[in-house]
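Trainee: Protein sequence lines, in the order shown, are assigned to chains A and B.
Here the first sequence stands for residues 1 to 154, where the numbers follow the numbering used here.
Here the second sequence stands for residues 1001 to 1154, where the numbers follow the numbering used here.
The hints are simulated quantities; they were obtained by calculation from the structure and are not laboratory data.
Every value quoted in this text rests on a predicted model; they were computed, and no experiment measured them.
Glycine is no exception: its CB is placed at the ideal position from the N, C-alpha and C atoms.
Careful: at least some of the hints might be erroneous.
Claimed, not checked - EDC-like cross-link-like pairs, simulated, lysine to aspartate or glutamate; straight-line CA separation at most 20 Å:
hint, chain 1, residue 1, chain 2, residue 2
1, B, 1090, B, 1031
2, B, 1034, A, 27
3, A, 34, B, 1028
4, A, 90, A, 27
5, A, 90, A, 154
6, B, 1064, A, 123
7, B, 1048, A, 28
8, B, 1048, A, 31
9, B, 1034, B, 1085
10, B, 1106, B, 1129
11, A, 64, B, 1123
12, A, 34, B, 1031
13, A, 48, A, 123
14, B, 1120, B, 1061
15, A, 48, B, 1028
16, B, 1034, A, 93
17, A, 48, B, 1031
18, B, 1034, A, 28
19, B, 1034, A, 31
20, A, 34, B, 1027
21, A, 34, B, 1093
22, A, 34, A, 85
Claimed, not checked - Far from chain B, some chain A residues (derived; all Cβ distances over 10 Å):
hint, residue
23, 26
24, 42
25, 83
26, 88
27, 89
28, 91
29, 98
30, 102
31, 105
32, 108
33, 112
34, 123
35, 130
36, 134
37, 142
What the hints assert, rightly or not - Stretches of chain B that chain A covers, calculated by requiring three or more beta carbons in the stretch to come under 8 Å of a beta carbon on chain A:
hint, segment
38, 1025-1036
39, 1066-1075
There are 2 protein chains.
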Amino acid sequence: MNKTGLLSAALLTAAFAMPAAAQLSVEDQIEARKAAYQFMSWNMGKIKAQAVDGGVEFNADQMKAAANAIAAVANSGMGALFSPDSTMDKADDTRLKPEFFQQPEKAREVGMNFGREANKLQEVAASGDRAALARQFSAVGETCKACHDSFRAD
Amino acid sequence: MNKTGLLSAALLTAAFAMPAAAQLSVEDQIEARKAAYQFMSWNMGKIKAQAVDGGVEFNADQMKAAANAIAAVANSGMGALFSPDSTMDKADDTRLKPEFFQQPEKAREVGMNFGREANKLQEVAASGDRAALARQFSAVGETCKACHDSFRAD
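Put together the whole structure using the sequences plus the hints.
Mentor: Structure follows, in C-alpha cells:
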C-alpha cells in the first residue's frame, strides 16, 4: 500500500472508530451524507465535462479544485454518518441497504477503495494531464459504482 | 492581499467568468449549492465541537480534514451555481434574495471574504493549534453570517 493508501486507511479507520462531533441524529446523518455525495457529484460532473466528454474547455485550475473537493469528501470521515439505524429499512429518505452493516469487511473495502482512488485523483489533477485525469475519473467512478451495486437500492 | 487572498480572488473570478461544466438547470444549481453548504456545515460543526465547545476530544487529523473540506468548498467555483434566475422570487427551494444580483460588488466581496478566511482556516488547522483554530472558526463564521445577513431570507 502506498503512502496515499495508508493515509486513506488511517482516516477511514479513525472515522469508523470515533465520532468527530457529538453523535448526530439519524436524520442529520442522512442529510449530511447525501449532501456530501451531491457535492461530490457536482465536482465529478465538472471533471467529466472537461476531461472526459470535452464539451467544455479544459481548465487545469478548475480540475484541481474539483479533484481537491472530491478528495476532501473522501477524507472527511464520512463513516461517522453511517450508523446501523440509518439504513432504509429503519429510516426515511435513504437508499442505504442493511447489507452495509451485515457485510462490514466489504463495506470497509469499498470505502477504502474510494478513498484511495479519490486521493489519486487529486494527485493526477495536480499534474494537469488531461488524459490521465480522464482515466482516473473512471477509476473513481468504478469505486462509486461498486458501493452502489452492493449497498444502495435502485 | 496575500498569496492566499490572491488565489481566492483568482478562483472566484474564474468561477464567475465561465461555467466549469455545461450550464446546469436552475434546479440543479440550487440543489448543488445547498449540498455544498450542507457539507460545509457538517464540517464546521466538527470544528465547533472539538476546537470551540470542547465537548469532544480534540483530534488534529480530523480538524485538518474538516478544514480541508471547508476550503475545498470555498475554492470549488460555486459562482457557477448562482444564476440570476435562481433567486427566491423566481425559483423554488431557495432563500437567495434577488439583492445578490442587484449588489454585485457586495456579493463578490462577501464571496471573496469567505474564500480568504476558509483558506486561512485550512492553514491554521494544519498547524494543530487548537486556540488559533477556534479563533479562525469564528472568522469564517463571520463571513457566513455576512452573506446570510445580506442575501439569505430568514
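Trainee: Out of the numbered hints, which ones does the structure contradict?
Mentor: 10 and 24
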